[in-house]
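There are 2 protein chains.
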Amino acid sequence: MVRENSEMKYFLEPKSVAIIGISRRSGPGSYNLMENMIQYGYEGEIFPINPKANEILGAKAYPSVNDVGRKIDLAIITLPRDLVVKSVKECIGAGIKAIIVVTQGFGDADAQGRAFQNEMVAAARRNGVRILGPNTLGVVNNFNRFTTSFMPLNREKAPVGLICQSGIFFVGAAVFSGLIGKGIDIGNGCDLGFYEALEYLGEDPETKIIAIHMEALEHTEPFLSLASRIVRKKAIVVLKTGKSKTGARAAASHTGAMAGHYEIYRAAMKQAGLLVLDEDGQMNDAVKTLLYQPPLKGDRIAVITVTGAGGIMAIDALEQHGLEMAALSESTIRTLADLSPEWLPIGNPLDIWPAVMKHGLKNVYQTVLEAVSEDPNVDGILCMCIAPNLPDFDFLDVSHALNQVVPGKKEKPVAVWLYGPNVEEIAKRFEKKKNIIVHQTIEKAAWSLSLLRKRQLFLEKAQVQ
Amino acid sequence: MVRENSEMKYFLEPKSVAIIGISRRSGPGSYNLMENMIQYGYEGEIFPINPKANEILGAKAYPSVNDVGRKIDLAIITLPRDLVVKSVKECIGAGIKAIIVVTQGFGDADAQGRAFQNEMVAAARRNGVRILGPNTLGVVNNFNRFTTSFMPLNREKAPVGLICQSGIFFVGAAVFSGLIGKGIDIGNGCDLGFYEALEYLGEDPETKIIAIHMEALEHTEPFLSLASRIVRKKAIVVLKTGKSKTGARAAASHTGAMAGHYEIYRAAMKQAGLLVLDEDGQMNDAVKTLLYQPPLKGDRIAVITVTGAGGIMAIDALEQHGLEMAALSESTIRTLADLSPEWLPIGNPLDIWPAVMKHGLKNVYQTVLEAVSEDPNVDGILCMCIAPNLPDFDFLDVSHALNQVVPGKKEKPVAVWLYGPNVEEIAKRFEKKKNIIVHQTIEKAAWSLSLLRKRQLFLEKAQVQ
Chain W
2 MVRENSEMKY FLEPKSVAII GISRRSGPGS YNLMENMIQY GYEGEIFPIN PKANEILGAK
62 AYPSVNDVGR KIDLAIITLP RDLVVKSVKE CIGAGIKAII VVTQGFGDAD AQGRAFQNEM
122 VAAARRNGVR ILGPNTLGVV NNFNRFTTSF MPLNREKAPV GLICQSGIFF VGAAVFSGLI
182 GKGIDIGNGC DLGFYEALEY LGEDPETKII AIHMEALEHT EPFLSLASRI VRKKAIVVLK
242 TGKSKTGARA AASHTGAMAG HYEIYRAAMK QAGLLVLDED GQMNDAVKTL LYQPPLKGDR
302 IAVITVTGAG GIMAIDALEQ HGLEMAALSE STIRTLADLS PEWLPIGNPL DIWPAVMKHG
362 LKNVYQTVLE AVSEDPNVDG ILCMCIAPNL PDFDFLDVSH ALNQVVPGKK EKPVAVWLYG
422 PNVEEIAKRF EKKKNIIVHQ TIEKAAWSLS LLRKRQLFLE KAQVQ
Chain G
2 MVRENSEMKY FLEPKSVAII GISRRSGPGS YNLMENMIQY GYEGEIFPIN PKANEILGAK
62 AYPSVNDVGR KIDLAIITLP RDLVVKSVKE CIGAGIKAII VVTQGFGDAD AQGRAFQNEM
122 VAAARRNGVR ILGPNTLGVV NNFNRFTTSF MPLNREKAPV GLICQSGIFF VGAAVFSGLI
182 GKGIDIGNGC DLGFYEALEY LGEDPETKII AIHMEALEHT EPFLSLASRI VRKKAIVVLK
242 TGKSKTGARA AASHTGAMAG HYEIYRAAMK QAGLLVLDED GQMNDAVKTL LYQPPLKGDR
302 IAVITVTGAG GIMAIDALEQ HGLEMAALSE STIRTLADLS PEWLPIGNPL DIWPAVMKHG
362 LKNVYQTVLE AVSEDPNVDG ILCMCIAPNL PDFDFLDVSH ALNQVVPGKK EKPVAVWLYG
422 PNVEEIAKRF EKKKNIIVHQ TIEKAAWSLS LLRKRQLFLE KAQVQ
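For the protein sequence lines, the chains are W and G, in the order given.
Residues in the first sequence are numbered consecutively from 2, following the numbering used here.
Residues in the second sequence are numbered consecutively from 2, following the numbering used here.
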């Protein structure tokens with residue numbers, strides 16, 4: 002059952018937390034979530050609950066939540082699984098309204114685990130208490146520096162909300178990109194699930210884009226109905242795993258929920274306007290692209306390349322992703338023709354190399370990029386750039402030229418394919434300006450443009466309706 | 002026409018070279034190929050040809066090849082295109098048998114360029130002279146430190162030969178990975194083409210794997226017939242570009258050769274036993290995998306994961322690539338069960354996290370990896386590993402555990418999916434041992450195993466025939 006009030010605020014914005022079953026061990030390898038919470042900078046009150054300790058990490062420890070004698074917004078349970086149900090009931094008795102069960106071994110495990118899980122959910126529901134988990138890293142909120150994860154996280158206040166069913170995405174998405182501001186790991190989703198997390202992030206003014214990792218979804222219809230409303234304002238990007246038959250069975254056993262048929266999920270989510278990813282490496286690029294790039298208002302892409310071969314690869318990749326080679330305006334053609342030997346046939350892709358040999362790479366790149374940025378026949382730009390070793394081959398790096406042009410021309414997305422021996426270092430130069438996004442293959446660069454196009458087409462259609 | 006003797010040796014192993022039209026300008030941004038050749042460590046004789054200079058980069062300059070008065074194995078022409086045909090004829094007159102034409106603007110350009118190209122080919126053929134190019138960076142040979150490229154290159158003596166139709170691959174493949182020992186850029190392929198380059202690398206004892214970037218192929222049948230013989234001894238990996246209709250047209254105009262229909266090429270090449278890549282980012286991984294990994298002798302893969310979610314993604318990726326989840330032996334199951342809480346259902350994927358919480362990550366990883374390495378029901382292994390920030394989260398890095406186990410168990414390939422905030426640095430720790438290859442997505446890791454399987458199946462079939 003989906004309820005009206007998700008009460009997710011207690012989970013992401015608590016003023017006080019009790020951590021039940023927290024160990025006195027800390028330091029590297031202890032996975033101590035209280036230690037991580039303190040290091041993260043949480044400024045609310047922390048009450049460690051451990052009957053064997055008087056003090057943990059500088060805070061007075063209590064034998065039980067009943068001994069705290071203060072209001073507790075959120076309880077976090079990390080006890081061995083046999084003790085969890087009893088602890089949940091104690092929390093309920095102590096008037097706590099929000100509980101995160103970190104512990105594994107419930108719906109994700111055996112019959113006993115499933116029985117425990119049912120018991121704690123029943124107790125919570127009878128008393129209007131909400132549970133996140135079990136089998137979860139919990140939440141992270143970089144806007145108030147709160148986390149229940151025992152894993153390291155990035156701390157950027159990015160306007161990106163993540164909903165996931167596993168620590169791998171929680172940690173991975175957070176640390177890959179730094180591009181997560183709030184995260185909710187629903188774990189087994191025994192009570193709070195995708196619906197409530199999405200509702201919270203959909204209404205949250207600090208969240209502009211929502212990223213979802215989903216293994217299995219219960220209550221498909223209310224979720225899609227909610228998502229189709231939110232997606233008119235905030236892009237929602239979904240990576241659905243458990244796509245294969247065996248994977249779907251494993252997803253079901255991992256969380257205890259049904260995984261369903263991937264193609265049906267996929268079609269329904271696309272229909273609702275969600276952007277569905279095909280591969281695990283795409284989430285970071287998708288989020289960055291949607292966050293920092295302007296809309297792609299048409300299919301017509303101009304390609305700037307330093308080799309004919311790269312131009313051909315760009316054509317392949319753009320066609321594969323449903324985009325078109327722009328028919329460049331005369332003015333753009335003339336700009337490059339004036340710099341090139343007379344024998345060079347000028348078209349799109351714009352092969353600048355013969356001009357480079359006469360006038361130098363950076364000058365030519367900047368001139369041609371300015372021309373296509375102004376070209377009314379061009380909706381988006383794909384740039385192929387070399388990442389050379391420094392300092393000897395600095396003259397092959399055009400990041401400065403892009404940084405000179407792109408931020409001033411905010412109307413067209415620019416995707417960069419960066420290749421060479423030094424991508425890591427040179428990418429940082431490009432990405433000094435957030436609206437320049439670097440990709441390591443031409444396919445990824447073309448795909449990122451197609452994602453912007455899909456989003457734009459959805460918004461245009463939604464506006465008409 | 003394909004001729005018997007390709008004479009590629011003159012191109013890759015010359016004892017003396019003339020560089021015609023070489024500039025006196027050198028240093029960053031000059032693209033001076035003589036300077037690059039010297040820095041690269043070429044130990045043969047270099048004769049710069051430039052009527053306006055007495056000396057270039059410390060070598061006596063000559064007005065013409067006829068003035069050198071010494072045997073010249075290879076001439077490299079970098080003149081403006083209008084002067085090239087005359088220069089080719091002078092080289093022929095001077096008894097030079099091998100010519101590289103670096104200059105652009107021939108079959109890749111206009112009608113005049115095509116006429117020039119035809120004229121130089123006719124002259125060469127009348128005199129038994131071979132031409133590489135035009136529109137080429139030429140060759141690189143790390144075994145004798147010879148290069149005609151004006152671009153920076155890696156210098157590793159890798160047993161990998163590259164044939165390409167563009168500097169982008171020449172530079173890209175070389176510098177991406179360092180995994181190129183010899184490279185031939187056929188450029189427009191006016192005379193020497195894929196056939197001759199493949200013949201040379203096929204017979205070359207220093208080359209074990211051949212990587213090909215192909216836009217358009219003339220003389221398909223002799224090439225495939227040759228390739229189908231070579232591929233029984235050396236893996237051949239092909240990236241064919243110009244796949245789309247527009248891309249194929251562009252490929253034709255780039256080199257002046259017909260590009261043909263991609264699906265037909267692809268089917269014919271697969272039939273011949275070549276490994277055909279789908280994306281531009283795969284070449285480096287393919288070459289490393291084929292070079293350093295043992296064969297995958299069956300479809301049964303064991304997955305070691307630190308999250309249930311990752312396990313599900315592994316199942317999806319393996320199934321997508323035609324591989325199977327191994328049914329683990331009792332002994333392997335028992336090994337992990339003994340370390341795990343009793344409620345954990347143990348199977349493949351092997352989710353080690355609950356055991357890690359009790360016994361520490363590195364110990365558990367190593368023990369489980371040893372078990373699957375010995376498991377007779379397992380043909381290959383897929384490991385999911387975290388790349389944490391150092392030094393604080395060093396305890397999450399299992400590269401040492403893998404380096405302890407993998408090199409001693411040489412019978413099964415091990416593909417690693419490495420994810421987290423510090424992939425670049427941690428990957429180096431893993432790849433200290435060359436038979437551990439790190440991938441940044443689970444799809445790539447599964448794909449690399451499928452590539453080994455394809456190669457193995459081809460070799461088994463070829464042996465039977």
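One should not assume that every hint holds.
Since the list can't tell identical chains apart, any single copy or any two copies may satisfy a pair.
[As the list claims (entries may be wrong)] Keeping only pairs whose Cα atoms sit at most 27 Å apart, straight-line, the calculated DSS-like set for lysine-lysine is:
no., residue 1, residue 2
1, 359, 53
2, 359, 87
3, 10, 72
4, 462, 53
5, 246, 298
To be clear, the hints were calculated from the coordinates, so they are not data collected in a lab.
As the structure is a prediction and not an experimental result, all values here were calculated from the model.
For each hint, the structure was consulted:
1. Taking the closest pair of Cα atoms, residue 359 and residue 53 come within 27 Å of each other only across two copies (19 Å); inside a single copy the shortest separation is 78 Å, beyond that limit.
2. For the homomeric pair residue 359 and residue 87, the shortest alpha-carbon distance between copies (22 Å) is at most 27 Å, but the shortest distance inside one copy (78 Å) is not.
3. Within a single copy, residue 10 and residue 72 get their C-alpha atoms as close as 15 Å, which meets the 27 Å cut-off; across copies the closest is 83 Å, which misses it.
4. In the homo-oligomer, the alpha carbons of residue 462 and residue 53 never lie at most 27 Å apart, since the shortest distance is 61 Å inside one protomer and 66 Å across protomers.
5. With identical chains, the CA atoms of residue 246 and residue 298 are at most 27 Å apart between copies only, with a shortest distance of 24 Å across copies and 38 Å within one.
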